[in-house]
Every structure is written in C-alpha cells, then in structure tokens.
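Going down the list, the protein sequences come from chains B and U. Take 1 as the starting number for the first sequence in this note's numbering and just add one per residue. Take 1 as the starting number for the second sequence in this note's numbering and just add one per residue.
No lab work stands behind these hints, which were simulated from the structure alone. If you're wondering where the values come from, they're calculated on a predicted model, not measured in any experiment. For each residue, glycine too, the CB sits at the ideal point set by N, CA and C. Be aware that one or more of the hints could be misleading.
From chain B, some residues computed to sit far from chain U (all C-beta separations above 10 Å) [said to hold, decoys possible]: (1) P23; (2) L195; (3) F208; (4) Y387.
So, partial list: chain B residues that the calculated Cβ filter (under 10 Å) puts toward chain U [to be verified]: (5) P4; (6) A260; (7) S269; (8) T273; (9) L274; (10) Q279; (11) A333; (12) E337; (13) T340; (14) V341; (15) G381; (16) G391.
Listed below, chain by chain, are the residues.
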Amino acid sequence: MIRPRLRLVGGVCAGFADHTGVPLATVRLATVLLSLCGGFGALLYGWLWLTVPSVDSRAATEPLPKSSLARSRATSSSSAREARVPPTLTRPVDGPRTGAVDEAGLGSAPSDATAYPRLDPDSARTAPVTEILLGLALLAAGGALVASRLGADIPLAVVVPAIVVLAGTALAWRQFADIRSGVAQQSSALLVRILGALVLVAVGILLFFVTGTNPNAWTVILAAASVLLGVAVVTAPWLLRLWSDLADERAARARESERADIAAHLHDSVLQTLALIQQKAGPHSEAARLARAQERELREWLFTGTRGGGGEPAADLATALRRIAGEIEEDFAVHFEVVTVGAGVSVRSAAAEPNANTADAPESLVAAAREAMLNAARHAGGAVSVYLETGARGIELSVTDRGPGFRLDQIPEDRLGVRESILGRMRRAGGTADVRPGPGGSGTEILLSLPAPAPFSGGPATPAAASSTATDEHHTETSVQ
Amino acid sequence: MTTPDASDEGVRPLEAGGTQHAQGLASAGLRVLIVDDHSIFRSGLRAELGADISVLGEAATVDAAIIAVIELQPRVVLLDVHLPGGRGGGGAEVIREAAPRAQHTLFLALSVSDAADDVVSVIRAGARGYITKSASGAEVSEAARRVADGDAVFSPRLAGFVLDAFGAVAGETAETTEELDRLSARETEVMRLIARGYSYKEVGSTLFIAAKTVETHVSAVLRKLQLSSRHELTAWALERKLL
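Turn these sequences into a full structure, and let the hints guide you.
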C-alpha cells in the first residue's frame with residue numbers, strides 16, 4: 001500500500017482505495033463515519049499516515065505533506081509568486097495568543113486554494129488542509145471561550161490546553177515539512193518557528209496540570225514527563241521521515257557506486273579483452289565480428305546507461321545509423337566506422353509533413369543509407385566508413401568502402417538495388433545520391449546529400465547533382481562551403 | 001611488470017644499453033614503451049607490432065610509466081588513457097609529469113573509449129595522436145611511426161570530434177593562420193576527409209595536394225586542439241578538472 005502524490009489530507013484513503021479496489025468515495029465516507037464512532041477512524045487514519053510510505057520516496061525533492069508540496073510547485077511557477085510565503089509562515093508563533101494566529105491561518109487559506117486551480121487545472125489536491133484544521137481548532141477555542149462566558153458548562157480546563165497542544169503540533173509539523181522539502185531558505189528563522197511550536201505544545205500540556213486543583217510533587221513530575229513525551233511524539237514522525245530519507249539516499253548512493261564499480265570493472269577487463277580479440281582475429285573473422293557486437297552492446301550500456309533495445313525506432317539520425325551498422329555487422333564480415341558531425345537530426349516518419357523550422361531527415365534517407373551500407377557490406381566487407389554531417393548545407397552522408405568497386409553504368413538495367421533503393425529514393429526525397437570510385441581509385445563511395453529545407457524548390461537542382469566525377473564534386477563542395 | 005629494468009632490455013640484442021637511449025639510436029628501429037594496465041593487452045600489442053619497432057619496456061601504472069619514460073627515454077610511448085595510480089589523472093598525468101624530462105619522447109594515446117573528454121584530456125596534455133585499441137597491430141605500428149616522424153595521428157572519430165568542437169560544420173572558418181579557435185577552410189576539408197576514413201595519401205590526391213601538406217594541416221589542427229581556448233573545449237576540460 002502506497003500513499004499517492006495526489007492527496008487531500010495524507011493520501012491514506014486514496015492509497016487504501018487504490019490498494020483494495022474499493023471506490024475512493026466509499027473509503028472516505030467510511031473513514032468519516034468511523035471517526036464519528038469515538039474517533040476510531042481518525043486514529044486509524046493517523047496511524048496509517050505515519051506508517052504507510054508515500055509514493056516515490058526516493059525523490060527527496062518531493063515533500064510529503066501536501067501543503068508544502070503546493071508551495072514548492074508555486075515557487076517553480078512565476079505566476080503564483082504571491083503564494084510563495086504564506087502568512088502563517090511569516091507569522092511567528094506567539095504563545096497561546098490565539099486570535100492573531102487564527103486570522104493568519106484563515107487568511108492564508110484562500111490565497112493558497114485559489115492560486116492552484118488557476119495554474120494547474122488538474123491538481124484538485126491543493127486544499128490547504130493544515131491551515132483549515134488550524135483555523136477550525138482556533139475557531140473552536142474561541143467558540144468555547146464565548147460559550148463558557150455565556151454560561152454554558154464547558155470544561156475549559158481541558159478544551160483550551162487541548163486546542164493549544166493541537167495547534168502547536170500542527171504548526172510544528174508544517175515547519176518540519178518545510179525543512180524537509182527544502183523550501184525554507186533561512187534555517188535560523190525556521191528553527192525559531194519550530195521551537196515556538198514546540199513551546200506551544202509544552203505550554204499546552206502544562207496547562208492541563210496548572211489548571212488542575214491542589215498540585216503536589218507527583219503532578220509536577222507527571223507534568224514534566226508529559227511535556228517531554230509530548231515533544232517527543234510531535235517530533236517523532238519528522239525524525240522517522242528524516243531517518244528513512246537518509247536510508248533511501250544511502251541505498252541510492254550504494255546502488256550508484258555499485259554500478260560504477262561494475263562499469264569500471266567491465267571497462268577494464270571485458271572491453272580490453274574484446275578489443276584484443278578483435279585485434280588478434282582480424283577484421284573478417286567470425287570471432288572479431290562477435291567480439292565487436294558484444295563490445296558495442298556493452299559500450300552502449302556502460303556509457304549511455306541504457307540497453308540498446310532494438311524495438312523502438314531511433315529518433316535520432318546518428319543513432320539510427322549506428323543501429324543499422326550494428327545490425328549489418330551481425331550478418332556480414334564488415335566493420336562500420338560511424339562518424340557523425342554536427343547537430344543531432346531527428347528522423348521524420350514518412351507520413352509527417354516536412355517542417356522548415358526543425359531540421360529532420362526523412363525516413364527514406366535512412367532507408368537509402370541502409371541500402372548503401374548493406375551494399376558495401378555485401379560487396380566489399382572489411383572496414384567501411386560511414387560519415388554523417390549535418391549542418392547549414394543540409395545533410396550529407398557518405399559510405400566509403402575499400403572493396404573492388406563498381407561503376408553505375410556497369411550495372412545491368414534490371415538490377416534494382418542501387419538504382420531504385422538508393423538513387424530513386426533520394427531523388428524522391430528531394431536530395432541526390434552519387435556513386436563514385438572511392439579514395440585513391442579503389443572501392444566505392446556513395447554520397448547521399450539532402451539540401452537544407454529552407455531553399456527547397458522541388459527539383460534536385462543541388463550543386464552536387466551537377467557533376468558526377470569525384471574531382472568536380474569536391475570543387476563544388478569547397479566552393480559552396 | 002611495473003618498472004622495466006635491465007633484464008627487459010637484455011632480451012633485445014638490438015638495444016645498445018641502458019644509458020644512452022636519449023641519443024636517438026635511429027638504426028635500432030623505433031623505440032617504443034607500452035603503457036597499459038592490462039598485461040594481456042600489453043603482450044598482445046607487443047606481439048602484433050611491426051618488426052622495425054622495438055619495445056623497450058612496459059608499464060602498468062601512472063607512477064611506473066613516469067619512471068619508465070624518464071629512464072628509458074623512448075621515442076614513442078603507446079599510452080593507455082585510463083591508468084591506475086598516480087593522482088588519478090590517467091594517461092594525461094603521465095604526459096604532464098614525464099614530458100618535461102623526456103624531451104624527445106612523443107606520446108600516442110590508446111583507448112578503448114571514444115568519449116570526447118578522454119580525447120580532449122590526453123590531446124591537451126600533449127599527446128600527438130589518438131587511436132582506439134581495436135585498431136590492428138599494423139595500424140598501431142603505422143601510427144607510432146607517423147608520430148615518430150613528427151606527424152599527428154587522427155582517427156576518423158577524432159577528426160569528427162574536431163569538426164564538431166570547432167564549429168566547422170556550422171560554417172565557421174578562420175581567416176588567418178594565427179587564429180586558434182577556428183579551422184581554416186582547407187583544414188576543415190582535410191578533417192572532413194579523414195573523418196570519412198581516407199588515409200593522408202588519399203586526402204592528398206583527392207584535394208590535389210601533397211601528402212606532406214596534408215600532414216602539415218593535421219599538425220596545425222592538433223596544435224589548435226591543444227592551444228585553443230574555444231569554449232567547447234575549455235568547457236569540457238574545466239568540467240573534467242583538466243585545467
């Protein structure tokens with residue numbers, strides 16, 4: 001059972017409803033009814049509040065009591081700056097002078113309550129319960145005083161101290177919550193407020209005994225013990241939470257350092273061994289291929305913290321290329337050296353409209369690149385360079401292999417591989433594809449280029465398309481650049 | 001295995017003796033020191049290196065490496081980026097500590113990782129090149145020779161990183177050769193081709209320049225990488241407490 005973050009008072013009812021499947025309204029009604037039966041429901045509620053953990057207890061930045069949660073949300077939003085320091089906080093606790101605190105407690109309630117629905121429509125949880133309870137308690141105190149003055153038979157000797165104790169407890173807990181959420185900046189002022197609240201509790205407890213008749217030694221001892229006990233009870237939940245926070249933090253740190261240890265160990269031993277295997281086995285062997293695949297997986301896990309699950313489509317062009325390289329490496333004796341330069345470019349799905357504002361690559365570019373890489377793996381193998389550059393000129397992608405090389409005009413007309421899946425695809429995407437001999441006359445270089453979307457005019461009238469030989473190509477490249 | 005000593009050299013008849021290494025025995029081949037904390041990698045690399053490369057010794061920790069470099073005065077140190085010992089600075093610390101007392105020694109960084117901060121740390125400390133450990137023995141030998149000849153060794157990955165860090169892709173180019181924070185148009189072209197996997201010779205023939213000119217450009221880029229105060233580089237360095 002866990003108390004959710006969306007809560008009215010302590011989240012106990014919501015947590016219980018969620019846990020058991022009973023409707024939330026039923027649970028709340030039952031709680032209220034039980035509370036009316038001699039306060040049993042209220043006791044149960046308080047007990048559960050203290051013992052049931054809150055959701056996401058690892059996030060220390062999320063405070064537990066909802067009133068301070070509301071405030072921390074407010075500070076993050078500039079529109080609700082007025083709610084930053086509710087009057088109850090700025091008002092020092094001035095002993096059992098109930099009237100002033102009463103006004104302040106009630107006064108802060110509407111400002112808090114109205115601020116939230118405005119800026120965050122779905123957070124109906126931010127009713128300032130603490131302030132309302134405090135106000136109700138003080139109203140009850142005032143009412144009791146008035147009633148007794150009017151002659152009603154009210155045991156003031158019991159009611160007033162009880163209310164003082166309750167008010168002190170509520171105030172103290174609020175301050176603790178603030179400490180915990182890290183909202184308060186001046187810790188000394190907060191300390192004073194907490195001490196004030198605790199004094200209030202102590203005074204309230206003492207009042208029980210002072211107002212009693214014929215005091216003796218036992219009364220004094222009992223009073224002292226009660227005060228100590230009362231303060232302990234008030235501070236206990238806070239100390240408990242502090243302790244559990246500390247334990248959580250410690251556990252998180254232990255997990256983190258354990259992970260770092262494992263990563264360091266893997267880095268030192270396994271990666272080195274895999275590198276050595278690749279070195280020894282030669283680029284074409286099965287062993288090297290397996291070692292490389294393992295190395296890539298391990299590296300991905302170590303340095304990005306995520307396992308490269310092949311399921312979801314890569315949002316980033318560079319990531320997509322690396323993934324394709326990995327897939328092809330598993331099937332062919334080839335090693336892709338993928339180098340990406342420039343800002344990240346996301347991959348746009350075929351259905352989406354091209355957007356001039358965000359530079360993104362159509363899926364067909366990825367498909368064409370995949371075909372080019374597959375071609376290099378199939379016909380050349382060995383080491384293949386994949387170079388991606390994204391910049392002001394658009395997207396440029398080259399796949400360079402060291403294989404026997406081939407010329408476009410030597411391919412039979414009926415071979416669709418290169419002609420359709422690379423050249424045709426790029427043409428339809430508004431870019432160009434160029435197949436030419438690799439550097440130094442050996443191998444093949446396939447250059448895919450996609451101009452930046454801004455001057456997009458429909459035709460493949462890019463500078464790169466004008467020439468087909470490698471030398472001219474570079475001439476235009478440099479002049480454009 | 002920590003500090004190389006006389007017995008290590010005794011195995012190699014080509015070596016003339018312990019003290020006069022600093023005087024550059026070019027005929028004895030390229031004198032190399034291997035620094036890596038994994039004995040399996042050291043022995044593997046040692047077996048794979050070319051015949052003209054003689055391994056003076058090996059070191060496994062930062063402290064042992066510093067001592068070995070100063071004592072043996074090798075021409076090239078094949079230096080792992082991640083090393084235990086010392087003050088935790090790894091390979092960069094070795095370069096900083098040992099380079100002032102080994103004037104003729106050049107450092108070639110080897111690493112299993114391609115992370116940008118690793119690259120920046122060793123290059124800024126003074127390494128003349130950076131290659132990954134998955135490179136074959138022949139590639140490492142070639143890189144070591146090139147470093148010994150005074151050239152810089154850039155892997156495609158490092159070239160890509162340089163293009164990124166200097167904003168070359170965004171169209172920033174240096175107008176004068178004195179400018180440290182940007183690459184010239186020619187340097188950008190050279191880096192772009194190296195990132196595509198071209199060898200220096202292939203870069204030269206593609207751009208119609210001599211291979212030696214390519215090396216000059218690469219060395220200029222290396223110098224900029226080491227000296228530039230460009231904010232991307234500095235930010236990385238500051239973040240890793242390298243400056």
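Now for the hints, and whether the structure bears them out:
Here B:P23 stays apart from chain U, with its beta-carbon at least about 53 Å from theirs, past the 10 Å limit. In this structure B:L195 is separated from chain U by more than 10 Å, as the shortest Cβ-Cβ distance comes to about 42 Å. Here B:F208 stays apart from chain U, with its beta-carbon at least about 61 Å from theirs, past the 10 Å limit. B:Y387, annotated as away from the interface, has a beta carbon of chain U within 10 Å; the closest lies near 4 Å.
Nearest Cβ of chain U to the Cβ of B:P4: about 38 Å, over the 10 Å cut. The hint is violated. Taken as an interface hint, B:A260 does not check out: its beta carbon lies about 14 Å from the nearest beta carbon of chain U, beyond 10 Å. Checking B:S269 against chain U: minimum C-beta separation of about 8 Å stays under 10 Å; hint holds. For the restraint placing B:T273 at the interface with chain U, the shortest Cβ-Cβ distance is roughly 7 Å, inside the 10 Å limit, so the hint holds.
Annotation: interface hint on B:L274 holds; nearest CB of chain U at approximately 8 Å, less than 10 Å. Using the Cβ-Cβ criterion of 10 Å, the hint placing B:Q279 at the interface with chain U is satisfied: the shortest such distance is roughly 6 Å. Evaluation of the B:A333 hint against chain U yields a violated restraint, the C-beta minimum of about 15 Å exceeding 10 Å. Because the smallest distance between the Cβ of B:E337 and any Cβ of chain U comes to about 5 Å, under 10 Å, the interface hint for this residue holds.
For B:T340, the shortest C-beta to C-beta distance to chain U is roughly 7 Å, which falls under 10 Å, so the interface hint holds. The closest approach between the C-beta of B:V341 and any C-beta of chain U is roughly 5 Å, which is under the 10 Å cut-off, so the hint is satisfied. Because the smallest distance between the Cβ of B:G381 and any Cβ of chain U comes to about 14 Å, over 10 Å, the interface hint for this residue is violated. About 4 Å separates the beta-carbon of B:G391 from the nearest beta-carbon of chain U, less than 10 Å, and the hint is met.
Checked against the numbered hints above, the structure breaks hints 4, 5, 6, 11, 15 and satisfies the rest.
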